[in-house]
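S.K.: Residue numbers (my numbering), protein chains in the order written: chain A, 44 to 715; chain B, 8 to 310; chain C, 247 to 398; chain D, 38 to 327.
No lab work stands behind these hints: they were computed from the structure.
Simulated crosslink set (BS3-like; lysine-lysine; CA at most 25 angstroms straight-line):
#1 Lys379(C) / Lys211(D)
#2 Lys584(A) / Lys368(C)
#3 Lys200(D) / Lys379(C)
#4 Lys84(A) / Lys100(A)
#5 Lys668(A) / Lys130(D)
#6 Lys673(A) / Lys239(D)
#7 Lys130(D) / Lys665(A)
#8 Lys196(B) / Lys456(A)
#9 Lys196(B) / Lys390(A)
#10 Lys673(A) / Lys130(D)
#11 Lys277(A) / Lys342(A)
#12 Lys110(B) / Lys294(D)
#13 Lys46(D) / Lys130(D)
#14 Lys299(A) / Lys346(A)
Partial list, derived from the structure: chain A residues whose beta carbon lies under 10 angstroms from chain D:
#15 Thr645
#16 Cys647
#17 Arg652
#18 Val653
#19 Val674
#20 Gln707
#21 Asn713
Backbone N, C-alpha and C fix where the C-beta goes; we use that ideal spot for every residue, glycine too.
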Amino acid sequence: MSRIGVFICHCGENIGRTVDCAQVAQAMGELPGVVHSVDYKYMCSDPGQALIKQAIKEHNLDGVVVGACSPHMHEKTFRKAAAAAGLNPYLCEMANIREHCSWIHEDRAEATEKAKGLVRFIVEKIKYNRPLSNIFIPVNRRALVIGGGIAGIQAALDIADGGREVILVEKESSIGGHMSQLSETFPTLDCSQCILTPRMVEVAQHPRIKLLAYSEVESVDGYIGNFEVKIRQKARSIDVSKCNGCGECTKNCPNKKIPSEFEQGLGFRTAIYVPFPQAVPNIPVLDRDNCALFKGRAKGVKKQVCGKCATVCGRRAIDFDQQDSFITEKVGAIIVATGYQLYWIGKEQESEILHGYGEYGYGTIPDVIDGLQFERLASASGPTGGKILRPSDGKEPKKIVFLQCIGSRDRAKGMEYCSKICCMYVAKHTMLYHHKVHDGKAIVFYMDIRAGGKGYDEFVRRAIEESHALYLRGRVSSLTRNGDTIRVQGVDTLSGEPVSIDADMVVLATAMRPQPGITSLAQKLSVSYDLHGFLNEAHPKLRPVETNTAGIFVAGACQAPRDIPDSVAMASATASKVLGLFSNEQLEREPLIARVDRQTCTGCFHCERVCPYGAVERFEVKDRKGNLIKVIAEVNQGVCQGCGTCQATCPSKSIELDGFTDEQIFAAVNAL
Amino acid sequence: MRNGEAAMKVGYFPGCSLHATAREYEESLKAIAPALDLQLEEIRDWACCGATSAHSTNHLLSVALPARTLVLAARQNLDRVFAPCAACYNRLASAQHAIEHDKKVASQVESILGASFGHPIGVLSIAQLLSEMTDRIRSKAIVPLKELKVACYYGCLLVRPPEICRFDDPEAPTSLESIVTAAGAVPVKWDKALECCGGGFSLSRTASVVRLGRSILRSAKDSGAQALIVACPMCHSNLDFRQRAINRSAGDDRPMPVLFISQLVGLSMGLDPVRLGLNRHFVNPQPFLSTISAGRVEHREQA
Amino acid sequence: MSVPAKEKASSFEPNIVAFVCNWCTYTGADLAGTSRLNMAPNVRIIRLPCTGRIDTLFILKAFERGADGVIVSGCHPADCHYTAGNYHARRRFAVFRELMEFMGVDPQRITFSWVSASEGGKWAEVVNSTTEKVRELGPFVSYPRVAHAQVK
Amino acid sequence: MEELRELAKKLLQEKQVNAVVGYECDRRGVRPAFVDDPAGCDRLVFDHRCVQNLPAYLSPRRTNVAGLGRLAVVVKQCDARAVAGLIRESQLKRENLVLIGVRCGGVAANPNESRELGAETLALRCYGCSGTETAMADYVVGEPKTVPAAGGDRDARLAEIEKMSPEERLALWKEWLSRCTRCHACRQVCPMCFCERCVAEKTQPNWIESSPHIQGNFSWNVTRALHLAGRCVDCGECERACPAQIPLGLLNRKLAKIMSARYGFAVTDDPSTPAPIGSYRLDDGQEFIL
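Please work from the sequences and hints to get the whole structure.
M.R.: Laid out in structure tokens, this is it:
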């Protein structure tokens, strides 16, 4: 590049006061390759930009250097101006002589010298700039939503209502998630099923939503706009196309004593079952681990042991030999909404940072239950028909102690984070208990009450004032069996007194953790996660629902503990991001990405190891006959974000980051 | 696990109480050791472990005192040191932990002692030592204990803090249970196995010790235990020596014999109760001994 | 470039190059400017997308071309715009720094820092303290250098 | 030795491999041998003069060797680290290779060593080595041998230099590196230097001055060492090959020391061990960063 124009801006007095702009312009004019060098009061003003456009045409410039403010301020402005004059925008660069020079120095001679140096860096660098054009990536305008809880449902409906197709994958046999297990919801105490069920039905009936229940994501390939997702449809042992959900099979299944997952182990289900009556889709699933027929098969019994369900099924929908099947879907964006699980306080834990709670009996005391179990006890459709009864003997508890922060805010045994929802649902539980057992006494041990949210603090106050819950600030050191009751040893830190309570039942507000298997899913998606497995958002404040992998979004409690309103808001936010992405057929992005020199790449794949985005792929170089010559690296344009870590790592310098190539940096350093 | 191996040699740190108030603990240990092929080599010139005065007043001293013993053990070419007293065990293990994990303290202590640390020493509690030998205990248990129900009491120091002890579960330990099971007794499930006995407040704040002991003994009795098994001289003292006061305050006249775990193991081996020091207890063990048809002891009534 | 300072060794003014990442330190240096924080004029910034892009060859070349000191600066751990570039850079430069020290390059001539977009003040401190240190060490003439290009 | 020859013969006869890479003797000492005929297997030797790191011939850059097809290679424990490195970096496929692990018992510093192996003649890399065969070996030959006791502290010189002042160190390295003629023998002999086009030969831009002048020499040797950080298999061949007798091994050893101290990494013959450069831990040391 030999026809460079240099434009030095005074920025009014901002630069001119300390930097002798005319002198800088003159010195730059003497550099080899510079054919035009001027200074001007305000380069960014319309006349200033006109000056650049005119010079490009007049002097047939093939490079423009603007010595002015920070490129973060005006790089776009000047590149646009250059483009308007017919110059490739990437042949225009800025040297920062304001923030990095005139504003931070006082001595005019020193500042002028430094300004010369800074502009010279860029003049030398731009000699090696090449014209670049923006990259266009086709977008497959369909979305995948992983997880059919309230967040996934909301996201799927919003996108589908926005006119785009959605594939909703749910690993359980029905959508609905944890919300379907709740009795009432805070802070309004409206029935959870009543508000959720219509939305579930809407999903099932929506023409643009393809619901894949009892399915899991097997693998994910590709990048933003062009993901290819392999989905495993687990064998239900039911021909979905034939089943009409009549329920005869369930009714006739002889094994009726299997602890129900939906009822949190407080109720029973059959081996072939629908998790709850409002399930969507309303198709049963056969639990092969508990089915007599499959147990018999496993033992090698020749004769078919059972098969009642198949006998009673009028539509012959039962298929004992069904296998897992796989389908592949092409989508342009993925929303992860896999939700949460509760911290189990037992002795065996899958993570090194969790230790369980031996002082609470490691979960072996029958009337010590967790929050979700209490939800089922309080639910009108629950195992007790909405009566609060003790799991051990079915008696009505007259005194319930609620313990908050079990596993939350506890570095020793659980997680340091706050699970956010427990303060609220414990308050709700005390109210539900008060409504159902008028003479019952609810006692809550808390660390702090965190009731930030619309109507939230008022709700907690109602629990205390109207439902007469006794709130004690302090921790409980042990739960022990004391005859028929549970001895709760704790401390009330406000009075400073140790407290000993014999409770009929204890409810633990255990911590919210991400779903098991989240890390393996995150690895499939190349999404980062924190120490606890919660998925990382791209920016905690400004990009809360995006991930660092373009085209993948997060909603709900898979990202951090979230309540229903938060999850729904996040879900709608992801939907709006996805619809925005889908508003164009192509995705346009800056071309500042890495490219590989196929000639010299040796295929050591150091670049692959350091790439934060998994943008490096393997490319087979073949001769004309199709014989493999070598395997080398190739950069996926859609995935590369342009950090350049690969280039610094490449031993033979066979990968270059456009915009910051080795030649450009070398030229700048040489200008020292 | 060292089960089934030939003779095991460990360093032996009796501490002050095994030569004084808990003589029966040492007697029983020395009585069962030969049967278990266990060689206890006393550390020459050992000094006080420092509990509890040292660690409540001066951290450096609390490391230096037991560290001296550890240096001596290394000089005696011992890899492991057994401290029968739970407090001694805890101090020695804490000192070893500090030496390994806190370089600053380690170098300060080295200059105090004027000696450098040799190889790291494994510090063993009685629970650790005997749970390594459950097979031997089982094979030597010739006297049927007849489904004897016992409550195993750990107290606060035997398995805690977990980062120092690195043995058993700090909240729901089972090592003593596995030992008594090997000896032929039946451990009961009870709640107070880890509660505080009052420790050194036995003399200064007797009322507190009586209150704490009351809840421990009540829970043990309620669980159907016929004897309480302990592994610490201080626990033993509080629950045996103070038991008359405890029972009186509770209006309960059922005495509960309190045995060191080594005594129970000794009984299962058919050793003479007097050799095991059972005659030294304040609670008369005779009714209990009769239930398992062990020998007789002459009991002196408490004044 | 004129280097008058070099000739009068009594008042030596060091030449320092800073390789900084675009998102944190460059923006932090912008903030220092916006906040009008006065600092030594000896440091010249070369902007790169990420510390992950900063090659050890840049530093070697800078010394060859007459730099007396070098600054490498980027986002704090966990703040990298590209999630992990700074972690890779951290290993790269930890090793490079120790090797250079072994070969006789005083590590004080190379400053590594994490300066976030909000740390304008820290940037000024890094610039001033590095300038001060290198000024004390004197010109890096002992380093194998190419003939100094004299450009007006 | 017979065992080795028989094995080589068998592998060739059964067409399991197209050629065997091993060692042979000539007047001046031991040199690498490429045997593709069963009859030629009697040339093969293995003794303490078998210094060369044969996997250096396995990089795909050596097209004449790659053209031989499936190979069997005689490897010492130290050589196997190079094989592991090449597999890790996608330069070799394990299944295309038969590894004949030798129980070596240490080698001399030079392939033409006429004296017996002892403290004086033992190669530096054998200090502290067990001399047993590599775990990667498909076949193991030879009786177990013991490596002679080392003649001193291997890193004594390293420690000595570390104690010097920066000025002394720079002067020392300038003196050494000014001798470098840029013959790149260090690169040619290195099993881990397999780039198609070395960065030293890249001209656009020319990061490393190509003429044998101290400027480029410094950058070259620093860069060579850094590229081998965490990858160097510590065979010492670069130093042996250097005609200017520059103690290049010091740089490699220094880096190995840094890798071990900072990242707990030591080079192994297990290809699944990830390299320390190119990976990171969130809690990596950063005491040098402001």
